[in-house]
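Asks: From just these sequences and the hints, can you work out the full model?
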Amino acid sequence: MLEYDFMRSAFAAAGIVAVLAGIVGYFLVLRGQTFAGHALAHVGFTGATGAVLLGAPALWGMVLVTVAGGVGIGLMGERLQNRDVAIGVVLSMALGFGLLFLHFFTAYATQATALLFGNVLGVTMPTVVTLAALAGGSLAALALIARPLLFATMQPELAEAKGVRLRLVAVLFLAIVALATAECSQIVGVLLVFTLMVCPAAAAQLLTARLGWGVALSAAMALAQAWLGLALAFYTDWPTSFWITALSGLTYAGASGWASRTHRT
Amino acid sequence: MVHTIEVAGLTLSVGNRTILSDVSFAIAEQEFVGVLGPNGAGKTTLMRALLGLVRPARGTLRVLGAPVAFGNPLVGYMPQFRGAATGMRLRGWDFVAGAVAGHRWGLPLLNAADRAEVGRVLELVDATGLAERPLRDLSGGERQRLLLAQALLGQPRLLLLDEPLMSLDPHHQHGVVELVRDLQRTLGITVLFSAHELNPLLGALDRVLYLGGGHAALGTVEEVITGPVLSRLYGSSIDVVRVDGRIFVMSGGHAMERDHHAHA
Numbered sequence: 090m091l092e093y094d095f096m097r098s099a100f101a102a103a104g105i106v107a108v109l110a111g112i113v114g115y116f117l118v119l120r121g122q123t124f125a126g127h128a129l130a131h132v133g134f135t136g137a138t139g140a141v142l143l144g145a146p147a148l149w150g151m152v153l154v155t156v157a158g159g160v161g162i163g164l165m166g167e168r169l170q171n172r173d174v175a176i177g178v179v180l181s182m183a184l185g186f187g188l189l190f191l192h193f194f195t196a197y198a199t200q201a202t203a204l205l206f207g208n209v210l211g212v213t214m215p216t217v218v219t220l221a222a223l224a225g226g227s228l229a230a231l232a233l234i235a236r237p238l239l240f241a242t243m244q245p246e247l248a249e250a251k252g253v254r255l256r257l258v259a260v261l262f263l264a265i266v267a268l269a270t271a272e273c274s275q276i277v278g279v280l281l282v283f284t285l286m287v288c289p290a291a292a293a294q295l296l297t298a299r300l301g302w303g304v305a306l307s308a309a310m311a312l313a314q315a316w317l318g319l320a321l322a323f324y325t326d327w328p329t330s331f332w333i334t335a336l337s338g339l340t341y342a343g344a345s346g347w348a349s350r351t352h353r354t
Numbered sequence: 002m003v004h005t006i007e008v009a010g011l012t013l014s015v016g017n018r019t020i021l022s023d024v025s026f027a028i029a030e031q032e033f034v035g036v037l038g039p040n041g042a043g044k045t046t047l048m049r050a051l052l053g054l055v056r057p058a059r060g061t062l063r064v065l066g067a068p069v070a071f072g073n074p075l076v077g078y079m080p081q082f083r084g085a086a087t088g089m090r091l092r093g094w095d096f097v098a099g100a101v102a103g104h105r106w107g108l109p110l111l112n113a114a115d116r117a118e119v120g121r122v123l124e125l126v127d128a129t130g131l132a133e134r135p136l137r138d139l140s141g142g143e144r145q146r147l148l149l150a151q152a153l154l155g156q157p158r159l160l161l162l163d164e165p166l167m168s169l170d171p172h173h174q175h176g177v178v179e180l181v182r183d184l185q186r187t188l189g190i191t192v193l194f195s196a197h198e199l200n201p202l203l204g205a206l207d208r209v210l211y212l213g214g215g216h217a218a219l220g221t222v223e224e225v226i227t228g229p230v231l232s233r234l235y236g237s238s239i240d241v242v243r244v245d246g247r248i249f250v251m252s253g254g255h256a257m258e259r260d261h262h263a264h265a
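Just so you know, the sequences run in chain order A and B.
Sequential numbering of the first sequence, starting at 90, is according to my numbering.
Sequential numbering of the second sequence, starting at 2, is according to my numbering.
A few of these clues could be false.
To be verified - Derived list of chain B stretches under chain A, where covered just means 3 residues or more per stretch with a C-beta under 8 Å from a C-beta of chain A: (1) 95-103; (2) 106-114.
What the hints assert, rightly or not - Label-pair distances were calculated between CB atoms; the ranges are: (3) A/192 x B/167: 52 to 58 Å; (4) A/186 x B/88: 32 to 38 Å; (5) B/110 x A/349: 31 to 37 Å.
These are computed hints drawn from the structure, not numbers from a lab.
Beta carbons are placed, not taken as given, at the ideal position from N, Cα and C, and that holds for glycine.
Replies: Structure (structure tokens):
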């Protein structure tokens with residue numbers, strides 16, 4: 090399996106993105122902002138299709154628009170961050186526009202499927218390098234804001250009293266989430282970002298109440314799901330994204346079952 | 002003697018509303034002061050002003066002999082409990098530890114001294130065991146103990162507790178008041194403890210700070226909780242009834258402080 094170039098690239102890309110998604114996703118679940126993460130992915134679809142329509146690389150269009158979207162949601166403050174109706178409207182419109190851009194650029198069925206459901210087997214080495222750089226930057230930024238982010242998440246009023254700049258931290262975090270969703274979309278597509286960003290993190294939080302272990306477990310499970318999914322896709326010829334979603338769904342169900350038996354839910 | 006809190010000619014506004022108008026009082030060291038008054042009277046606003054989060058429209062505020070400073074490590078704060086942390090699947094230890102150096106950038110890694118500090122405050126409130134459990138699984142009273150531990154980080158000289166008794170049943174209310182009183186005596190700190198009802202605090206407090214109608218009255222229970230003083234604060238006719246060692250503030254025949262959820 091690993092004799093093939095495209096498989097090696099796929100494993101590298103999936104690995105990098107899975108670890109990033111697992112770590113960022115842990116905080117996303119903790120903050121209860123998973124729907125915002127989901128919405129940013131949809132907005133990214135518009136960015137990607139718009140970019141292609143303009144002749145630019147899809148990834149950069151996606152990154153640009155999702156980061157702008159993330160910052161926008163962050164700046165709107167509490168009012169928009171948790172307003173699922175407003176977010177839902179934005180993401181439906183985003184998909185609609187994405188479809189329109191696709192319509193104008195006629196070569197498109199495969200491109201659409203790739204954007205929506207991921208095309209990890211089509212990832213090239215240069216893309217892997219880009220993904221690695223973006224992931225490294227995102228994780229470095231997250232490491233920088235981790236302390237105030239946690240404090241603001243758990244105790245916003247006390248954090249404010251101690252000097253944490255709540256709005257700044259919220260915006261920076263959403264920008265990082267945006268980058269992570271753009272990267273995830275390369276692997277599992279815009280529609281399935283949840284599967285790497287949320288499922289492993291949510292499962293990890295069911296399995297342990299400790300912060301450090303939770304983050305590590307989330308990253309490890311995301312990585313295992315991504316790589317096992319790839320391997321299964323190679324041998325069965327079924328879509329990678331299907332396997333990854335199946336594995337993450339099963340893992341979450343398992344964690345949920347275990348948690349309710351140990352009275353944790 | 003350096004007063005812990007000195008307020009002179011203070012006017013506090015939030016938006017267009019004037020919360021406190023030309024208020025002056027001083028709170029001495031190691032006093033346990035109960036802060037009372039209806040919703041909207043300024044209990045939370047006053048605490049936020051003491052933390053440097055609300056700037057006075059007029060007048061001065063001094064804490065521990067210096068002007069109010071944003072992020073003052075000598076002031077411990079226990080905010081009104083919001084629902085955010087209720088459902089968290091994170092253990093109490095991590096929750097309290099998040100406040101140790103939470104205002105600094107970087108990774109949430111604690112060195113030995115920080116870990117010892119977290120252990121110390123958990124020990125003070127007798128929460129060492131329950132800190133291993135997820136927040137989600139804790140009762141209201143247990144969570145309040147964690148919040149209290151968090152407020153004690155860094156050895157503050159002044160504790161601002163914003164309605165710690167809210168939504169606790171009477172048994173747990175008694176426990177929290179006792180705990181705060183013990184800590185106040187042992188650590189020699191000044192405590193401002195805001196509440197809706199006076200009775201749970203009766204055995205513990207030294208003086209009462211009663212806010213209402215933009216004014217404040219500070220004094221012992223006997224001095225402040227009287228018909229004339231409270232009528233002036235509320236701007237309407239108030240009767241004070243003492244029954245069986247407990248005190249009820251009545252307006253027009255019903256007890257005022259039952260009105261927990263209405264906003265002035």
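Asks: A separate judgement is required for each hint: does it hold in the structure or not?
Replies: We went through each hint and held it up to the structure:
1. 95-103: Result for this restraint: holds, n = 6.
2. 106-114: holds (count 4)
3. A/192 x B/167: 52 to 58 Å: holds, 56 Å
4. A/186 x B/88: 32 to 38 Å: holds, 35 Å
5. B/110 x A/349: 31 to 37 Å: holds, 32 Å
Hint violations for this structure: none, all hints satisfied.
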